[in-house]
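A.B. asks: From first to last, the protein sequence lines stand for chains H and E. My numbering numbers the first residue of the first sequence as 1 and each following residue consecutively. My numbering numbers the first residue of the second sequence as 630 and each following residue consecutively.
Calculated directly from the structure, the hints in this document are not laboratory data. Warning: the hint list may mix true and false statements.
Said to hold, decoys possible - Keeping only pairs whose Cα atoms sit at most 27 Å apart, straight-line, the calculated DSS-like set for lysine-lysine is:
| id | chain 1 | residue 1 | chain 2 | residue 2 |
| --- | --- | --- | --- | --- |
| 1 | H | Lys392 | H | Lys370 |
| 2 | H | Lys309 | H | Lys273 |
| 3 | H | Lys420 | H | Lys370 |
| 4 | H | Lys222 | H | Lys5 |
| 5 | H | Lys154 | H | Lys20 |
| 6 | H | Lys600 | H | Lys614 |
| 7 | H | Lys371 | H | Lys391 |
| 8 | H | Lys273 | H | Lys391 |
| 9 | H | Lys222 | E | Lys658 |
| 10 | E | Lys658 | H | Lys231 |
| 11 | H | Lys22 | H | Lys119 |
| 12 | H | Lys371 | H | Lys392 |
| 13 | E | Lys658 | H | Lys511 |
| 14 | H | Lys5 | E | Lys658 |
| 15 | H | Lys286 | E | Lys772 |
Just so it is clear, the structure is predicted and the values come from calculations on it, not from any experiment.
The primary structure of each chain is shown beneath.
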Amino acid sequence: MDSLKGYANNILYINLRTGKTKTEPLGEEMARKFLGGAGFGIKMITDYQRPTTDAFDSENPIVFSCGTFCGMMVPGSASKWGVAAKSPQSQGLGESYSTGFFGAELRRAGYDIVMVTGKAERPSYLYLEDDSVQILDASHLWGKHNWDTEDAIKSDLGDPGVRVASIGPAGENLVRFSAIINDRLRAAGRTGMGAVMGSKNLKAVAVRGFNDVEVADIDGFKELALEIYEKSRGPATEKYRGLGTAANVLTLNKQAAIPTRNWQDAVFEKADKISGEALNEMYVEKIQGCDSCGMRCEHVGVVREGPFKGAIGRVEYEPTYAFGSCTGVDRPDAIIRAVQLSDLYGTDALSTGVVVAFAMEAYEKGIITKKDTGGIELEFGNAEGMCDMIKKIALREDIGDLLAEGVERAAAKLGKGSEKFAMHIKGVEMTGYDVRGLKTCALGYAVSRRGADHQRHGAYGPDLKGTVDRFKAEKGRGELVMDGEDLYSVIDSLIICKFSRGIWDYDSYAKMYTLATGIPMTAEEMRRCGERISNLAKIYNLREGIGREKDTLPIRCMTDPIKSGIAKGSLVTQEELDLLLDDYYETRGWSKEGIPSETKLKELGLENYTEHLKGLRGTDTKKKTTKKD
Amino acid sequence: MAKVNKFVSCDPDLCTGCTVCEYACSLEKDGVFNPIRSRIRAVRVYPSGNLAIACRMCEDAPCVIACPRDALQQSEKDGHIIVDEDKCNGCGWCVEACDFGAITVGPNRIAIVCDLCDDEPECIEVCPVEALSLQSRETAARKSRINSTVSRILAAEASEVDK
Numbered sequence: 001m002d003s004l005k006g007y008a009n010n011i012l013y014i015n016l017r018t019g020k021t022k023t024e025p026l027g028e029e030m031a032r033k034f035l036g037g038a039g040f041g042i043k044m045i046t047d048y049q050r051p052t053t054d055a056f057d058s059e060n061p062i063v064f065s066c067g068t069f070c071g072m073m074v075p076g077s078a079s080k081w082g083v084a085a086k087s088p089q090s091q092g093l094g095e096s097y098s099t100g101f102f103g104a105e106l107r108r109a110g111y112d113i114v115m116v117t118g119k120a121e122r123p124s125y126l127y128l129e130d131d132s133v134q135i136l137d138a139s140h141l142w143g144k145h146n147w148d149t150e151d152a153i154k155s156d157l158g159d160p161g162v163r164v165a166s167i168g169p170a171g172e173n174l175v176r177f178s179a180i181i182n183d184r185l186r187a188a189g190r191t192g193m194g195a196v197m198g199s200k201n202l203k204a205v206a207v208r209g210f211n212d213v214e215v216a217d218i219d220g221f222k223e224l225a226l227e228i229y230e231k232s233r234g235p236a237t238e239k240y241r242g243l244g245t246a247a248n249v250l251t252l253n254k255q256a257a258i259p260t261r262n263w264q265d266a267v268f269e270k271a272d273k274i275s276g277e278a279l280n281e282m283y284v285e286k287i288q289g290c291d292s293c294g295m296r297c298e299h300v301g302v303v304r305e306g307p308f309k310g311a312i313g314r315v316e317y318e319p320t321y322a323f324g325s326c327t328g329v330d331r332p333d334a335i336i337r338a339v340q341l342s343d344l345y346g347t348d349a350l351s352t353g354v355v356v357a358f359a360m361e362a363y364e365k366g367i368i369t370k371k372d373t374g375g376i377e378l379e380f381g382n383a384e385g386m387c388d389m390i391k392k393i394a395l396r397e398d399i400g401d402l403l404a405e406g407v408e409r410a411a412a413k414l415g416k417g418s419e420k421f422a423m424h425i426k427g428v429e430m431t432g433y434d435v436r437g438l439k440t441c442a443l444g445y446a447v448s449r450r451g452a453d454h455q456r457h458g459a460y461g462p463d464l465k466g467t468v469d470r471f472k473a474e475k476g477r478g479e480l481v482m483d484g485e486d487l488y489s490v491i492d493s494l495i496i497c498k499f500s501r502g503i504w505d506y507d508s509y510a511k512m513y514t515l516a517t518g519i520p521m522t523a524e525e526m527r528r529c530g531e532r533i534s535n536l537a538k539i540y541n542l543r544e545g546i547g548r549e550k551d552t553l554p555i556r557c558m559t560d561p562i563k564s565g566i567a568k569g570s571l572v573t574q575e576e577l578d579l580l581l582d583d584y585y586e587t588r589g590w591s592k593e594g595i596p597s598e599t600k601l602k603e604l605g606l607e608n609y610t611e612h613l614k615g616l617r618g619t620d621t622k623k624k625t626t627k628k629d
Numbered sequence: 630m631a632k633v634n635k636f637v638s639c640d641p642d643l644c645t646g647c648t649v650c651e652y653a654c655s656l657e658k659d660g661v662f663n664p665i666r667s668r669i670r671a672v673r674v675y676p677s678g679n680l681a682i683a684c685r686m687c688e689d690a691p692c693v694i695a696c697p698r699d700a701l702q703q704s705e706k707d708g709h710i711i712v713d714e715d716k717c718n719g720c721g722w723c724v725e726a727c728d729f730g731a732i733t734v735g736p737n738r739i740a741i742v743c744d745l746c747d748d749e750p751e752c753i754e755v756c757p758v759e760a761l762s763l764q765s766r767e768t769a770a771r772k773s774r775i776n777s778t779v780s781r782i783l784a785a786e787a788s789e790v791d792k
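For reference, chain E alone in the conformation it holds in the complex (with noise of 0.2 Å):
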């Protein structure tokens, strides 16, 4: 059976696109801000389309499996990626494999990708509006169906008042 790994989701209704949790990632994982060091980067397509994205935790994860010098490895216990920093060179095969753009090759050309810095993710703790948290698969569909039936429900009550 597939483990339920959690990752750092993002509500793209609540995030506002304020790029503080790439700060916040930068600053907590190298001591500096600067968004290429950012394990989370996030998206805005214009107008008014915001979302934020770090790794998925993807099971069979395509940049482990991309990766030409097994540098990436998925961990056992909550399926983020550990990079060797020995083997990775930088090549980015892992970064064209990620379907999400959630890995990236920083400024010292080896991999970085979210570590859920030890289940307390420091984007997490930032984000102003709280768009952000720690989900797995599962809780993000249960929540998904939660709210999809009571705005079901809400439509189906406001049109009844209406006639």
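If we strip away everything but chain H, and leave its shape as in the complex, we get (with noise of 0.2 Å):
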């Protein structure tokens, strides 16, 4: 097919139960409407997947995919890939984003999209190499931690160019937060898509591939790549480029939105110790970049004594937020340690620090016992302690098997009141901004359609840059909400580097599609394609009954005022969340359940889904909004 480049222009299909493979073109249109990423993983489980299907479901399908990207020449583009599938957290959309280099072997392999449904009846990978397809024995590999997996991969097939996506013990053990690692240290990491590998029996995706990946104009091409890589080395970029995400510990510190001890305060005493200058001065070794990025921001962290020495390990902000200040730990090397453990055992680095967060706070009131926790004292702050769990959980040994389920699952086993303190929307567990005191931020999250995410709006931002009053729920910030989240739509399925998302506007977005793939884009089409993407992901989740009063933020926001710091006293209100609910579904032309209106829906040219919300229109009247005290 001559007219589409970029694209492979190939979708694979794989049932592990009966091994039988297929592939189907890709298509200009599916191209056009939903680009890559996010947006074909969001349609290919809407269209696939049996409506509520449990995530544990062998029929239940994941679905790996291509950004648009992927293979070329594009800074911070090259190598992004995104999975899909029913997340066993929320039992809602899961998706996750990972690059390296995993995504760049898949397209030349000759792939866009990678469906995979059914459970293999032993463990089992799959190896892809160009037209050959093969699902291969895994049973040596059972129980491997992810970084020998990967290596035991490319020993087997002989070949160290073979791209590994894998899970490790926890995903295998059915941890609902398990993540997917590939090239060591990159995970998709949310919505617990390493599980849904495990239900399957399927250990791996390794890929290797030969195919060229062509442009339609190469010039065009060649010469705004070579733009956006100079702007790629600018002041944009500095900060990923400098002290990494981790400069926000003392940034967020100061404002007083750093989550600490599990939420109980939003100021950490001890962010000095944990601060992006602190890890960069005394452990980041190198900085180095993924596939074609021109930025680079992987800041990889070496413990070289200590009771931790010999970790290695990925510093970010997310993970020293969730195994620094949430904990209550102070120590940098067992931040990177615990970043590492979470990479061998295949957890979400996030999720796995609220996780031990809570039972450390459960611990502290006395819920749960040292006999629980297998003889672990584990109160805040003790870095020794949390490593040994993030283990337990991941084998699901002692209180581990309970905390595997995630705080929310967990608490209400526990009961005692926990659920008070139990962080996470939608089952999965809270990421690093303080939402008490940032009310768009708030709002954002609430509406997230994977659950507790600022990776889907980067409504922080206006929070923390001060364009709005942070303090304050009012009308206008469902907009500001919609605009972010079309925006990182559109971000997830082109699959830029969001890090780089300061050098990219929808111009440019639409200019490099149309230059890579010869589809004609404008920018306002672009932005019409986030908006269809949010909006499909949102039917995705009403049809598998997440609606309204799922979009809330964890009990704690809305009864625990922040206790010191420039935000102190904030929480957010049901009152000021209903407000801001209604500004944003009105906003996004949605009913006051949330519900896109058949008028969206044929603007948007998704008028075939109206079939997935039938039932739940029309109740609109009936249905209050449920009120919690």
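Got two chains here, each in a separate frame; can you build the complex from them with the hints?
C.D. replies: As structure tokens, then:
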């Protein structure tokens, strides 16, 4: 197919139960309307998953997709890949993105999308080498951690050029917040995609590709790419090249927005010790890049001495929050070790930290005891205890077995008021922005399609930059969140590195898209794609039973005010949240219950999905917002 | 006397392993993106060792010697390896002879190796961190001498301060 460049124009379907595989062309319409990455993933699971299937049902499909620019010389984009499936945490949309070198290899192997259904009879892994698709035995890999798995597969196949995305023991044990790890330091972490692989007996996907990746307009493409490379060395990305996101530790601490000791506070008195400055100075040995990156941000931290000697991990703000302030741990070496353990065992570092912090609070309140923890004195700040708990969770030992279910399910089982400090939205553990004093951000978190998440909207931006009054809930925030969501839907579909979002705009996205694929695209059409993908994600969630009542915040954010710092006394009340939600739904063109109108669907070319919303519409007037006290 | 050939050299301290050099090379040479068409290849040794490798323009190049069909020849002008595409059958003896992995057999079953892009290598042009440069062994050694001397002086000064 000559008209469609860039894309491999190929979807691969694999059924692990029958062992059957088939391919199908991607088609220009799919490309133009859904772009890649997030768009492809959400579209595929909406179309191919039977409504309300359980996440661990063997027929629940898991979809691996390339970003539009995989395998091309586009700054921070050549190796971005995504994975989507029903989430074992939220039982709603699960999606996650990673980078490194896996995505480019997948595109070169000749695929835009790989959809896997069914459960293999025994542990297996996939090996895709161009046209050859093999389901191979992984019995010898079962139980191995991610780094060993990658090494073993490369050595079994006799090719160090093979790229591997695998799960560790956590995924095998169906830990609900399991990650998929590729290229050692890169994770598709959130929403438990690793556990979905585990439920299919799928240990890894290994890829090797030798096909050319062609672009439609070579000269134009090269010119624009080089222009963006130039920008990627400029001031817009300086933060990521320098201290990295860990620079946020001190910034957010000063703003009283760094969740501390399981969100009991928002100021961490020992923030200095785990700051980006301290990490860079003492532990970061190399800052390296992913495939085609012109910026580089991967801060590799190495511990040379002390109890965590030998630990290697990638340093970022979010794990520093999760394994640092959130657990009250003030040791960077312990944070690096905890990140490494998450990579090895294959858990989402973010969720893991919050789960451990939850257990710490439960321990200090006497809800769980030393007997439950297998002898660990699990108080806040216990660095070694934290690291031991990560292993226990991955292997489901002692209380780890319960914690492996995530804080929502663990709290439901433990009771005794622990629900009040289970920090999650839609079953997905919170990320590191204290939304009590960031009201736009709070709305973004509440409506986020994959549960608690700052990466679906970036709504902390206007709050922290001072564009709006961060302590006030008012009309207009809905639009900020919507614009952020639609933009991020585009970013996650083209899959451009979010750290380089400052050097792009809708115009350049559209231009690059056209130069690469030959499909004409304008900035406005590109924005429409974002809106379409956001709406389809909502349709999927509604179909799976996730409506307005789940667009909420953790109980603690609505009842316990921040104790210190400049945000002291802040929280988000139910009234404020309702105001924000109403505003957001209205701006979106959705009903009060958050259901997209038929007009909106038609406008976005999603009219085929009206069927999915039947039975939900028309009940709007009867349903009332659930009030929580 | 040995002729002083220049080659594309990579500074491992600066290299981030991003492989943009590979993309640029395959685009320049073949108009598509594919690392197996690239004359320079990036290597990452876990977790953080990075280096890009292109032809070193060896004197008495082992690849030339190894070729059973005399398809390879070394340019007298700048020392780069000239591949006679009619003679080359992609047997790969040259690949085995090269200690650096700098010569490979491309998808057309013809050996490919860095030709310095007429003295303006595209990879050097695009490297986002300026890790690549044209070096001769003499300039490379001179730079190393200067750098190591500077760092020794600095270390000595620092230990003086400590006292």
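A.B. asks: Each hint should be assessed against the structure and marked as holding or not.
C.D. replies: Okay, the hints, checked on the actual structure:
Simply put, Lys392/H and Lys370/H have alpha-carbon atoms about 14 Å apart, close enough for the 27 Å limit, and the pair holds. Distance check on the hinted pair: Lys309/H and Lys273/H sit about 18 Å apart at the alpha-carbon level, within 27 Å; holds. Our distance criterion of 27 Å between C-alpha atoms is met by Lys420/H and Lys370/H, whose separation comes to about 22 Å. Between Lys222/H and Lys5/H the alpha-carbon distance is near 15 Å, which keeps this suggested pair within the 27 Å criterion.
Distance restraint check for Lys154/H and Lys20/H: the Cα-Cα separation of roughly 25 Å lies within the 27 Å cut-off, and the hinted pair is therefore satisfied. For the hint pairing Lys600/H with Lys614/H, the CA-to-CA distance comes to about 15 Å; that is within 27 Å, so the pair holds. Of the pairs offered as hints, the one joining Lys371/H and Lys391/H holds, with about 17 Å between alpha carbons and a cut-off of 27 Å not exceeded. Only pairs whose Cα atoms come within 27 Å are accepted, and Lys273/H paired with Lys391/H is accepted, the gap being roughly 25 Å.
A distance of roughly 13 Å separates the Cα atoms of Lys222/H and Lys658/E; the hinted pair therefore holds under the 27 Å criterion. Distance restraint check for Lys658/E and Lys231/H: the Cα-Cα separation of roughly 25 Å lies within the 27 Å cut-off, and the hinted pair is therefore satisfied. About 17 Å separates the Cα atoms of Lys22/H and Lys119/H, which keeps this hinted pair within 27 Å; it holds. The suggested pairing of Lys371/H with Lys392/H holds, with an alpha-carbon distance near 14 Å, which does not exceed 27 Å.
Of the supplied pair hints, the one linking Lys658/E and Lys511/H holds, its CA atoms being roughly 24 Å apart against a limit of 27 Å. Only pairs whose Cα atoms come within 27 Å are accepted, and Lys5/H paired with Lys658/E is accepted, the gap being roughly 19 Å. Distance restraint check for Lys286/H and Lys772/E: the Cα-Cα separation of roughly 22 Å lies within the 27 Å cut-off, and the hinted pair is therefore satisfied.
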